[in-house]
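Engineer: Take a look at the letters that make up each chain.
There are 2 protein chains.
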Amino acid sequence: MNNNYYCVIMAGGIGARFWPMSRTNTPKQFIDILGDGSTLIQKTFNRFRKICPAENIYIVTNEIYKDIVKEQLPKITDEQLVLEPARRNTAPCIAYANYKIKQKNPNAVVVVAPSDHLILKEDVFIDVIEKGLTAVEHNDCLLTIGIKPSCPNTGYGYIQFNEDKFLPENKNIYDVKVFTEKPSLEIAKQFVESGEFLWNAGIFMWSLKSIFNAFELFLPEVNDLFKQGEGLYNTPNELPFIKQIYQVCKNISIDYGVMEKAKNVKVYAADFGWSDLGTWGSLFELRDKNEDNNAIVGKKVLTYNSHNCIVNVPKNKVVVLQGLEDYIVVENDDVLLICKKEDEQQIRQYVADVQVEFGNKYV
Amino acid sequence: MNNNYYCVIMAGGIGARFWPMSRTNTPKQFIDILGDGSTLIQKTFNRFRKICPAENIYIVTNEIYKDIVKEQLPKITDEQLVLEPARRNTAPCIAYANYKIKQKNPNAVVVVAPSDHLILKEDVFIDVIEKGLTAVEHNDCLLTIGIKPSCPNTGYGYIQFNEDKFLPENKNIYDVKVFTEKPSLEIAKQFVESGEFLWNAGIFMWSLKSIFNAFELFLPEVNDLFKQGEGLYNTPNELPFIKQIYQVCKNISIDYGVMEKAKNVKVYAADFGWSDLGTWGSLFELRDKNEDNNAIVGKKVLTYNSHNCIVNVPKNKVVVLQGLEDYIVVENDDVLLICKKEDEQQIRQYVADVQVEFGNKYV
Chain A
1 MNNNYYCVIM
11 AGGIGARFWP
21 MSRTNTPKQF
31 IDILGDGSTL
41 IQKTFNRFRK
51 ICPAENIYIV
61 TNEIYKDIVK
71 EQLPKITDEQ
81 LVLEPARRNT
91 APCIAYANYK
101 IKQKNPNAVV
111 VVAPSDHLIL
121 KEDVFIDVIE
131 KGLTAVEHND
141 CLLTIGIKPS
151 CPNTGYGYIQ
161 FNEDKFLPEN
171 KNIYDVKVFT
181 EKPSLEIAKQ
191 FVESGEFLWN
201 AGIFMWSLKS
211 IFNAFELFLP
221 EVNDLFKQGE
231 GLYNTPNELP
241 FIKQIYQVCK
251 NISIDYGVME
261 KAKNVKVYAA
271 DFGWSDLGTW
281 GSLFELRDKN
291 EDNNAIVGKK
301 VLTYNSHNCI
311 VNVPKNKVVV
321 LQGLEDYIVV
331 ENDDVLLICK
341 KEDEQQIRQY
351 VADVQVEFGN
361 KYV
Chain B
1 MNNNYYCVIM
11 AGGIGARFWP
21 MSRTNTPKQF
31 IDILGDGSTL
41 IQKTFNRFRK
51 ICPAENIYIV
61 TNEIYKDIVK
71 EQLPKITDEQ
81 LVLEPARRNT
91 APCIAYANYK
101 IKQKNPNAVV
111 VVAPSDHLIL
121 KEDVFIDVIE
131 KGLTAVEHND
141 CLLTIGIKPS
151 CPNTGYGYIQ
161 FNEDKFLPEN
171 KNIYDVKVFT
181 EKPSLEIAKQ
191 FVESGEFLWN
201 AGIFMWSLKS
211 IFNAFELFLP
221 EVNDLFKQGE
231 GLYNTPNELP
241 FIKQIYQVCK
251 NISIDYGVME
261 KAKNVKVYAA
271 DFGWSDLGTW
281 GSLFELRDKN
291 EDNNAIVGKK
301 VLTYNSHNCI
311 VNVPKNKVVV
321 LQGLEDYIVV
331 ENDDVLLICK
341 KEDEQQIRQY
351 VADVQVEFGN
361 KYV
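Respectively, the protein sequence lines represent chains A and B.
Residue numbering for the first sequence follows my numbering, starting at 1 and increasing by one per position.
Residue numbering for the second sequence follows my numbering, starting at 1 and increasing by one per position.
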């Protein structure tokens, strides 16, 4: 295992679409959303432990989730926690994590990944990440992972790659032509048909040297803030320094702030059974189904004349469902949601309404 | 208030159709099914307190419900409890209650009524019962109450009355021609159109003298068993005696055993907003509805694009319902039921399945 390999797991999201399973105090990455005994962040951590030493894995999250991270990942030390005092999108927290890592190992090669995605083919994933890290170790580039699209999903960003320009040592790593945010269905169809587009999985790899160069070029105001802290990272002075600069730090994504602007961006075309688990519908596709095509997490659920439902209930709850087609049925603690799968995008609105009507306790 | 007036409230049922609100350890009569703060047996007791002295009200129930009756009706003394050691249908428990009352007051005039029916027009009900008790005090007859049918309901028994033969002092009390059990829809329609049929509400009135005569004539084997206990009722010897005779006592209803055979049966045609609350559907009809015609018991329920549903959930539970038409949604403790209203007759089957799959705890 290469001691220069580092991993930054981003775990600051609040996952409102999985309400009421995900709640403000227990967002999606901290729940066992597949019902198989481990949470998404635990799955992510265990996956990366096969790629880099456990002590090289950093968790970026909001300071309010410090305790839950330590509970779910007991091997993570306080020094490996990158705690944000406020939400500033991905660029600032990546800068922060990079500076912390630089203080430990300026030769680090880093993979940055979300904590709440699903990877079905772990062996393929590990192979891709290891080869990607090798590539960025030897090439001054910013590497992102592009997933071969299986359908014209309009919820993802797309990356157009140049099929004629690939690394000689890895013919799956191409130069990027352009990033496109969530397209219309018509355009998404054209993208998929062309064979030139990949889904942006939000997984990045780079050497510290390459990413610092990019920050200096494209986000100097962010970079300068965090650069002031050199010498403070991994010391008791880190926390007050961070609290201070986060107040004034720009809110910007790494995609918009860096990836879409840099000239040395490459994409690793891969296929490892990836899902961002962005919606109940995407989870339904991935879960095991019963004979009536219901995807059920729960130990005491009986279904009658019900099909294509996704059900998440506590294991001790007896649930009888009859006559439901294509519904989401979720119970978590003091909240029950019953909603048509096709209308799941409205869940955000329901959460907002519940907050107004009944208070923060339930969201 | 006439001290000879007595009331026997029958509270031995298990109300499986209202599962999971009703459970074996808390059947329908013991739950606040309307969500207005009092249980059905409490409503029934309070209604009869306006007709006869509280100490003249007897509660017939299974011995397993003794504690819940005493909790819900603290004014009821142990002597007013008619506890059955086994379920033997209505004739034996009525005989039992009659003998207990006879020991106190052989001149008693008794109304027997279910504990779990709904009466919307209480003033009319009280007037009917008082006039009915007066009638049976002065006439040797067995009086039942017949409800003017509002629709051809096939779930009720029907009583054909003789419109030419009524009591001179009360022209709503007619001779009975025939009792008919639950008819087909076609026949029920004919019954309603003819104007000669009433729904059998299962509420009876008689003097002890008249009912003992009827038992001697039509159910002598039941009567003889309970007659042996004269001198034991309302003493410490009552309980062991009852335990013994219930083992051998016939299982038979008062309708089949007595009412359908006796010649001196009369029916009081009445209309006091009665429902036997036999199904979730009947409850839906009676409950207040919100602007989308949903009948909701629960304090934190939000509905979206949902209509004609009946919802019963704990007051602290946040429930979001979307896209449901004509459903029953009930949560009680550790059980959740979601079922189409039109299929509610299958609930008995679900309860049986839950018992087999997950145990008695949930039924």
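Read the hints as simulated data drawn from the structure, not as lab findings.
None of the values given here were measured: they were computed from a predicted structure.
Among the clues, some could well be false.
If several chains are the same, the list does not tell them apart, and a pair holds so long as it fits within one copy or across any two.
Unchecked claim - Dumping the calculated SDA-like pairs for lysine to any residue here, alpha-carbon to alpha-carbon at most 20 Å: (1) Lys361 to Gly298; (2) Lys171 to Leu185; (3) Lys317 to Arg348; (4) Lys315 to Phe241; (5) Lys317 to Glu357; (6) Lys148 to Gln355; (7) Lys317 to Asp353; (8) Lys300 to Glu357; (9) Lys171 to Gln72; (10) Lys189 to Lys227; (11) Lys300 to Val356; (12) Lys300 to Lys361; (13) Lys299 to Gln355; (14) Lys317 to Gly195; (15) Lys66 to Asn316; (16) Lys171 to Glu181; (17) Lys104 to Leu208; (18) Lys317 to Gly359.
Engineer: Give a verdict on every hint.
Structural biologist: Going down the list of hints, with the structure as the test:
Taking the closest pair of Cα atoms, lysine 361 and glycine 298 come within 20 Å of each other only across two copies (17 Å); inside a single copy the shortest separation is 24 Å, beyond that limit. Taking the shortest alpha-carbon separations for lysine 171 and leucine 185, neither the intra-copy value of 30 Å nor the inter-copy value of 76 Å comes in at or below 20 Å. Proximity of lysine 317 to arginine 348 under the C-alpha cut-off of 20 Å is restricted to the inter-copy arrangement: shortest distance 19 Å between copies versus 25 Å within a copy. When the C-alpha separation of lysine 315 and phenylalanine 241 is checked against a cutoff of 20 Å, the pair qualifies neither within a copy, at 45 Å, nor between copies, at 47 Å.
In the homo-oligomer, the alpha carbons of lysine 317 and glutamate 357 lie at most 20 Å apart only across protomers (13 Å), although the nearest pairing inside one protomer, at 26 Å, exceeds that limit. Taking CA atoms no more than 20 Å apart as the test, lysine 148 paired with glutamine 355 passes in neither setting, with 39 Å inside one copy and 48 Å between copies. With identical chains, the CA atoms of lysine 317 and aspartate 353 are at most 20 Å apart between copies only, with a shortest distance of 15 Å across copies and 26 Å within one. Taking the shortest alpha-carbon separations for lysine 300 and glutamate 357, only the inter-copy value of 8 Å comes in at or below 20 Å, while the best intra-copy value is 31 Å.
Taking CA atoms no more than 20 Å apart as the test, lysine 171 paired with glutamine 72 passes in neither setting, with 38 Å inside one copy and 78 Å between copies. In this assembly of identical chains, lysine 189 and lysine 227 lie within 20 Å of each other by CA distance neither inside one copy nor across copies; the values are 43 Å within and 87 Å between. In this homomeric assembly, lysine 300 and valine 356 come within 20 Å of each other (Cα to Cα) only across copies, at 12 Å, whereas the closest approach inside a single copy is 33 Å. When the C-alpha separation of lysine 300 and lysine 361 is checked against a cutoff of 20 Å, the pair qualifies only between copies, where the shortest distance is 13 Å, while the shortest distance within a copy is 27 Å.
Taking identical chains as interchangeable, the C-alpha atoms of lysine 299 and glutamine 355 lie at most 20 Å apart only when they sit on different chains, with a minimum of 14 Å there against 30 Å within one chain. Neither within a single protomer nor between protomers do lysine 317 and glycine 195 lie at most 20 Å apart by alpha-carbon distance, with minima of 47 Å and 49 Å respectively. For the homomeric pair lysine 66 and asparagine 316, neither the shortest alpha-carbon distance inside one copy (29 Å) nor that between copies (29 Å) is at most 20 Å. With identical chains, the CA atoms of lysine 171 and glutamate 181 are never at most 20 Å apart, being 25 Å at best within one copy and 82 Å at best between copies.
Taking the closest pair of Cα atoms, lysine 104 and leucine 208 come within 20 Å of each other only inside a single copy of the chain (12 Å); across copies the shortest separation is 97 Å, beyond that limit. In this assembly of identical chains, lysine 317 and glycine 359 lie within 20 Å of each other by CA distance solely across copies; the values are 13 Å between and 25 Å within a copy.
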